[in-house]
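*Asks:* Sequence:
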Amino acid sequence: MGPLRSIRAEISHEVFRLFATYILGVTTISMLLAIYGIAFYQQEEFRHYKALIATRLGSEISASFNQANDLASSTVVWTGLTDSVGRASYLLPLLEKANQNRYHKYDLLDYRGRFFIQSSNAVALLLDTPANIQKTIEDGQTHLEMVPISQTDHLIATVPITGNFTESTIGLVLIHIDLDKIMATLKFPKDLKIRYSLAPFVETASDLSKHSEAFQFEWNDAGQDHTIHLQLQQGYWSAFLFVMTGLGISLACGGLLFLGLRRWTRIFSERTTQRLDGLVKLAADTVEGRGDGPRIDQTGDEIGKVSNALQSMLEKQRLATQKQAIFSRVFETAAEAILITNSQGLVMDVNAALTDMTGYAKEELIHQHAGLLYIQNDKGIGFPIIAEAVSLHGAWRGETYFLSKQQTLLPVLLSVSTLLDADGASQGHVSVFSDIRAIRAAEEKLQNLLLEDLLTGLPNYRAFLAHIAQKVEGAHFAIVFIDLDNFKKINDTYGHDQGDEVIRLIAQHLQLMLPVGHFLCRRSGDEFIAVLEIHEPVADFQAKLKLIFKPAVFRIQHGGTVQITATFSAGAALFPDHSQSIHELLIYADTALLNAKESGRNQIKWLNAQMMTATTRKFKVESKLAAAIRDDRIFPHYQPEVDLLTGKIIGFEALARWHDEELGMVSPAEFIPLAEQSGAIDPLTERLFAQVVKDSHAIRARFPQASIALNSSPQLLAGKRLLNILSHLSAEIENGLEGFVLEITETDFALSAQELAIQLQAIMGLGVRIAIDDFGKSYSSLFRLASMPIQKLKIDMSFTLGMEREENIKIISGILALAQSLHLEVTAEGVENRFQQDTLIKLGCQQAQGYFFSKPLKLQDLLALPSHLPPTPIVA
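Following our numbering, the residues of the sequence shown are numbered contiguously, the last one being 869.
Be aware that a few hints might be false.
Taking lysine-lysine and the BS3-like style, the derived pairs with C-alpha atoms no more than 30 angstroms apart in a straight line are [to be verified]: (1) K174 with K128; (2) K848 with K641; (3) K590 with K611; (4) K848 with K611; (5) K180 with K43; (6) K848 with K770; (7) K183 with K90.
Keep in mind the hints are simulated off the structure, nothing from the lab.
All figures in this text were calculated on a predicted structure; none of them were measured in a lab.
With these hints in hand, go ahead and build the complete structure from the sequences.
*Replies:* Written out as C-alpha cells, the structure is:
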C-alpha cells in the first residue's frame, strides 16, 4: 500500500496547489468586476430613470397645460369672470370635470388673484397665496412655483386668462401638479430620492456612499420656455451587499470543492487498484471463454483500452454462437416464405411459411428443382427469366406467381439474392416470398373507390376523365358544368350535415332530369359535370336542356320537415364544335358557367364567340407573360406629376407597358392579375423596379428635384418580399432609394395593421416615401389609414372624371380635408380637361397628373419635356 499512498499524496499536493491559485485569481477578478459593474449599472440605471421621468413629466405637464389653456380660452370661463350672476352653476361643473385627473388640479382666480369660485380642490385650501400669482397679474405671463404640501412637492403654475374682447388679464387658471404622485406611478426603488427645484442645484461635497445626478426638464407652452431642475440620489449599499453575498457564496462553494477534491484523490487511488485487479480477472475469463456480457470501459486510458480489447475478443466468440441460433430461429418462424437452393438450383431447405403457402411438405421439395414452384405461362415471370437476371446482377426483386401443390395461382412478391463464400464464389441462392393476395384484393377494391364519389354514389372527377378518354372519334356531345346557386347559405343556415343531404338530393334530381344516356359526376362541393350525347339539332337540344335547369324543391329534416328551393347555374361547351381538346373544352365550359353566375344565376349559358375570344386572349396573355418578363418586353413608361399653381414637373409615376406583336398593347389590368395568380409578380416587379432605378439617373439629371413613384402589388407585402426587393436595389446604388415613392393600392391587406406598419416603416428606412394609390376607390379603414406610416394620397381618377357631379366634388373636398388633418400630400389622378384643373385648384388641391398635362411617355420622350408645363388660368 506504500506506493498507492505516495501516488495519492502527490496527486493531492498538485491538485490543492492549482486549486488555491484558481481561488485567489477568481476572487481578485470578481472583486474588480463587481466594483466596475456597480458603477456601470448605477450609471445605466440613472440614465433609464431620467428617460422615464422626462417622458412621464412631459406627458402629465403637457396634458395639464393643454387643459389649462383650454380653460383659459373657454367662453364659459370668460362669461363667468365677467358675469357675477349664477356663475357657480356653470363654472363648478366645468371645474369638476377638469379636476378628474388625480395628478393635476385647477382653480379659477379673478384678475386680482383671488379664488373666484370655490371648488372641491383640497390642495388649493392648503396654499398660501403663491408669489407667482402676483407675477402673472403684473406681466400677463405664465409663472411657476415649487410648493411643498403635506410633505409632497407640488408644482404651482398660474396661466393668465385673456378674452378676445380685451388685451388685459381678466383672470387666472391656477394649476396644482403633484410631482411625487406622478413619480410614484413609475415604481422606482424606495432608496431612490428625487428632489425638484426651479433653480439649478448647488453642487456640494460628494457622498461616496451615494450616487447623485442632476438634470433639467424643459418644455414650451404658448411660446414661453419653462424649466424644472431635478436631482436623483441613490445609495450603493444594496449593490455592495449583493456583491459581498455572491463572494461569500463563491468562497463557500470553493470550500466544498476542496473537500470534494480531497475525497476524490482517495477514491481515485483505490479505484485504479480495483481496475487492475479486474483486468487480470478479465484476461483469465477470456482465455477460458467465460464472461456474462460486455462491460465497456469508458475512461479511455491505457487500462480501459486493454480491458475493452479483451472484452471485444470474448464478445465476438459469444455473438458468433448467438447469431447461429438466432438465424435458425428466424428462418423457422419468419412470416415470409424462404427457399434456399444450391448452385445447381436444387432446393436445400425451406421454412414452415413456404410449406403452409404452397401445400407441399418439406420432404417433397428437398433436392427438387426450384422451377417446380414457378408458373410457366404469360401470367407470371418464368423461372428462366428470373435465373438469368440473378446470374447477371446477383439479385432480382419483383412480383410473380407461384403454383401451389393444388396448381392454384399464388401472387407473390419475390426477392432472390446470391449466396457468396469468403472468396466471392456463388454457393447458391436464397429466395424470400411474400403472399400478396390480400394486397391485390384491397387494390381492386380501392380502384373502385377511387372512381366513386362517397357522398352521392356518382362517379367522381377521376372517373369522368376516364370516361372522356373512351369517347370515340366523331362523337358529338356537350360538356355541362352545373353549380348550385348560393349553396353556402344552405350550409350556414342548416349546417353541413344537411348541406350534404341537399347535395345527395340534387345528385338524384339531376340523374332523373338529364337526358337518357347521360354521364353525370360530382366534381367537388356543389359542382357537377354532365356529358350529354347530342343526336338532334343543337338549337333543339339547347331548348330542351333549358327546361331541366328550373328551380327544384327539396325536403330535409331540420327541427321538422323544411322545404328548400334550389336553383342552378350551368355552362356548356360542345365537342367538337368549340374545341377537340378536352382540356380546352373544360375551360370553355367553366368560362360559360362563370358567365351564367355573373349574369344573374338560375340559367344555363352556352359558350359563344365573345367568351371564346376573351378566354383565348387570356390564355395567350398567360402563356406569353413569363417570356415577356424574361426578355424585358414589359418596360416602364413615365407620366409627369405637376404643381397645379406653377405647372412645374415635380415627379413621375412609372407605369408598366407591354406591346406584343400578336396581341398588340396588353393592358396592366390584363397581365398584372395573371402575374399575381401565377406567382410571376415577383420577377416582374424586380425587373421593372431595376429598370426604373436605371432610368432614374437620366431623369434626375434632367429634373433634379422630381420624385419617381413605383407601383407595387399588395401581394408582395406577404413574406416581406417587397422589402427584400427594395433592400437589394438600395444596396446597389450610391444614394439608396432617396427620392423614390412607393405606391400601394388601397385593397384588403393580408397583414394586420401592426405588421403592415412595421414593414412600411422598414421600407421608409431605405429612403422611400409611401403613398396610397387610387384612394377612395375601395373600402377605406380610417383606423388603418391613421396607423399606417404614409406621406401621400392619390385621389382615384373616378372622382376627378366625375367632377360634374356635386357629390364627387364633396368627396374630393373631404379627402383634401382629411389629408390636411393628417399632414399628408395629395395628388389628383386622371385630370383630362381645364374644368377639372380649375376646380381642383379652387378646392385647394396643389398637385395633379393626367392626360391634360401629358400621357405616359417613354424615357427618351420624357427627357424632351420642358421643366414646366404651362398652367392654365382659373376660369372666373
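*Asks:* Could you run down the list of hints and mark each one as holding or not?
*Replies:* Now for the hints, and whether the structure bears them out:
A hinted pair counts as satisfied when its Cα atoms are at most 30 angstroms apart, and K174 with K128 qualifies at roughly 27 angstroms. With a C-alpha separation of about 16 angstroms, the suggested pairing of K848 with K641 holds against the 30 angstroms cut-off. The suggested pairing of K590 with K611 holds, with an alpha-carbon distance near 19 angstroms, which does not exceed 30 angstroms. Straight-line distance between C-alpha atoms of K848 and K611 comes to about 26 angstroms, which keeps the hinted pair within the 30 angstroms bound.
Taken as a hint, the K180 and K43 pair is honoured in the structure, with Cα atoms around 13 angstroms apart against an allowance of 30 angstroms. Taken as a hint, the K848 and K770 pair is honoured in the structure, with Cα atoms around 22 angstroms apart against an allowance of 30 angstroms. Restraint check for K183 and K90: the C-alpha separation of about 34 angstroms exceeds 30 angstroms, so the hint is violated.
The structure fails hint 7 only (numbered hints given earlier).
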